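In order, the protein sequence lines correspond to chains A and B. Position in the first sequence (first residue = 1) + 10 = my numbering. Position in the second sequence (first residue = 1) + 40 = my numbering.
No wet-lab data here; the hints were simulated from the structure. Take these hints with a grain of salt, some might be off.
Claimed, not checked - Partial list, computed: chain A residues near chain B (C-beta under 7 Å):
#1 17
#2 142
#3 241
Since the model is a prediction, treat every value here as computed from it, not as a measurement. Think of the CB as a built atom: it goes at the ideal place given N, C-alpha and C, for glycine as much as any other residue.
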Amino acid sequence: MVQENYLRKFVAPEFIYGSGARLLAGRYAKNLAAKKVLIVTDPEVMNLNILVELEGVLIEQGLEYEIYSSISPNSRDEEVMNGSEVFNSEECNLIIALGGGSPMDCAKGIGIVSSNRNHILEFEGVDQVPLPSPPLICIPTTAGTSADVSQFAIILDSIKKVKIAIISKTMVPDVALIDPFTTLTMDKTLTAHTGFDALVHSFEAYVSNASSHITNLHALDSIRLISSHILPTITDLQNQQFRSKMMLGSLEAGLAFSNASLGLIHAMAHSLGGLLDLSHGKSNAILMEHVIDYNFSEVPEKYLKIARAMGIDQNGLSLGEKKDSLLNFIKNLKKEAGVDTSLKKLGVREEDFQSLALKALQDPCIVTNPRRPSAEDIEEIYQNAF
Amino acid sequence: MPSDDYQEWDTLREKIIGLGEHSIQKSYYPKLQEQLKELERFKTLLDHSNDAIFLIEVVSGKLMDLNQSAYNQLNYEYSDIIKRSIWDLIISKDHSEFKKIFTISNRAQDESKWTLETQFLKKDGSVIPMEVSLSLVIFSGEKYSVMVARDIKERLIAKEALKKSEDYYRAIFENSSAGMIILEKDTTISLANSEVESITNYPRREIEGRKTIKYFLSPDNLEDITGIHKTPVGESVKEEYETDIIDRYGNKKHVFITLAPIPRTDKHLASILDITDRKKAEEKIKNSLKEKEVLLQEIHHRVKNNLQIISSLLNLQTSNIRDPLDLEIFQESQDRIKSMALIHEQLYRSRDLASINFAIYIQQIMSHLFYSYTFKDKNIKLKLELEDINLEIDTAIPCGLIINEVVSNCLKHAFKGKNSGEIKIVFKEEKGLHHLTISDNGIGFPLKKMEKSTSLGLKLVQMLVDQIEGELEIDSKMEVNNSGTSFYIKFQELQYKKRI
Ligand SMILES: [Fe+2]
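Work out the full structure: start from the sequences and follow the hints.
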């Protein structure tokens, strides 16, 4: 594909990166003409000091607020609709999302439901949202999902048991306050899962057939940052230096995939997430090297650049050996990070593969995968990850 | 969503990148502009409303917003009136009413509305009567009142005019000397005036809305009036009835009812005139007239009888008379009396006791005369051409006598030396005049002799013609060819002066 001939676009929210960024929430809310703020967060965050801090800065600006935290780890359609009900009945006019991917996706959903007065599932797909949501400020507390800078929201259709993707520039937040300090509370597992999610974002954005020079810069730099800092962070959770690097890596991954989109790993992971309530990052991690194995032949030079960014020495190796060294590196990284499990261990059954594959084919992420797979191809990849 | 079609995947990829039709970096500006435009349109709409619309902050009573119509009607500039206290704009005696509503606690969703009539104060201090519709709303936690006021000056004037007109018609209705009632479709009496009270002897409160017209009608003529509502609504047919009603104490009252539909309603207006007393008087007069008629009849009868007695007396006396001339005088007198008696006889048999059918009379008097003057050797024919004409007694008696005189004279003298002859009587009316012609084909007689005649008969005829102010023409052909005589009398039935 001669990608240089295609039009490319780059959209990013206003974002502030750095320690203390979270404390600017009050000022931004005020500047965006907030009267009453809906804070969307999850039960975990409810116990954390960062919520108290946020309330403090809002009160400081004389702003009223309401907290909505009835959100499960994978945000569900009815949670979005309930949140929107709270937003309307409390006459809120601005949303602050505080937390990981789930509260941020939910906040995006609440926003578009409130402004468009439509059910959340009506917006499924790409460019299906007519009106932008009310002003949305995101304060991510994990370094992975990058929902704070992306045009993506993933919501679980609780009846069809499928994760739907809503992709629209109207959902890009107004402001992202990216503060590594907020990630200090993540434990080992969550740090590993979100780290791998971010890493997969960069991988897929880089090899995406919608990638551009700008997204590539961010993707490669993100791969370099994450692959070199993920293991040190896991072993030293309170190290602010490491956390900052991870956060920066995640931000760059977000900027890359929000504009270049993703690929087969996410398509297949979303499909899995609809079937079982799995951690998104872990699903990605399991599928990672199997999809790379499948894609490699389509864009070998890109994968070789990724290998270089990860610091793998491939001098003197044949192409096949180079591929194997990349796959082995990833396998090893997973093992070290403690995410080297299999689909079987997670409770996936072989007889699910066919429907999982069909669902994956329906996911919008799949269209930017460098190699176009058939249903059988996907089934085989699931089999490999079994 | 993705399918097997590569083309579709390409399109979807374009959109994901952000090159879709609606894909623009999040911007509120287009929506904001649209809403501003909508607000602008709405403001224009409000400004052009005839109603004055005010938004008042309840706590302070301050006017936070108002439409153009509002400040125009109060003769203010917008900048002069905005933030003013509403209490400066409403006459003070009504403030408490408004404050009462302002203090009602309400919820955001409450849609209660209150309506008040008050007077607004213009800038120059003059007042406008307005009807105000009030509701309470909450914006951003602050309580406001939305007041929509409408100028009701015209309405009040119309109301006043209507009231005047109502008072006027009510006075007419109330003070009519006839009983007046308004009947509903089902004949219930919905309104009655004081005269109705005195006719029925019921107080109004026991009638209005409680009784139907049927209640008062005597059962005998219930049918008459209950048909009124069969008349289609809108047809302005006035109907009149003379009927009886029964009052509270069971007294029967004779009334005259006029019923007329009230236009554009299904109600009727009825006026009831109590004619019981008038009816009684009428009855009395009728009775007294009847008495007089009987009396008159009796008189005619007696006059006729008396005349007959005189005639009989004369008849009795004739037996003592030997002189044929004297006998003739007696005979003549008897005929004259008979002609008068016949009139009285006919009169007392007539319907009106004042006039008689003169054609019938002529036939009767002729049959009498031809009977009196029977001629064994002569064949005299009578030919009558009579129109049906009635004559009153004052004309009938002289006329009867005239005919009697002329015909008996004719029978005695006209056919001397003749075996047959004809007498013809024509009585007709032409151009308002009566024409009586008595002619014969007898021998005739000398006119000059007649002028000097001293005979009672002809003198009498002349006298009687004068009495009825008629004209007499006598024509006799004696000198020429003995071809008979004719008497022609032209007269008019005169209006005689009333005699006491
Ligand atoms: Fe992801």
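Status of the hints after comparison with the structure:
Look at residue 17 of chain A: its Cβ gets to within about 6 Å of chain B, closer than 7 Å, so that hint holds up. Look at residue 142 of chain A: its Cβ gets to within about 5 Å of chain B, closer than 7 Å, so that hint holds up. Nearest Cβ of chain B to the Cβ of residue 241 of chain A: about 33 Å, over the 7 Å cut. The hint is violated.
Violated hint: 3 only; the structure is consistent with all others.
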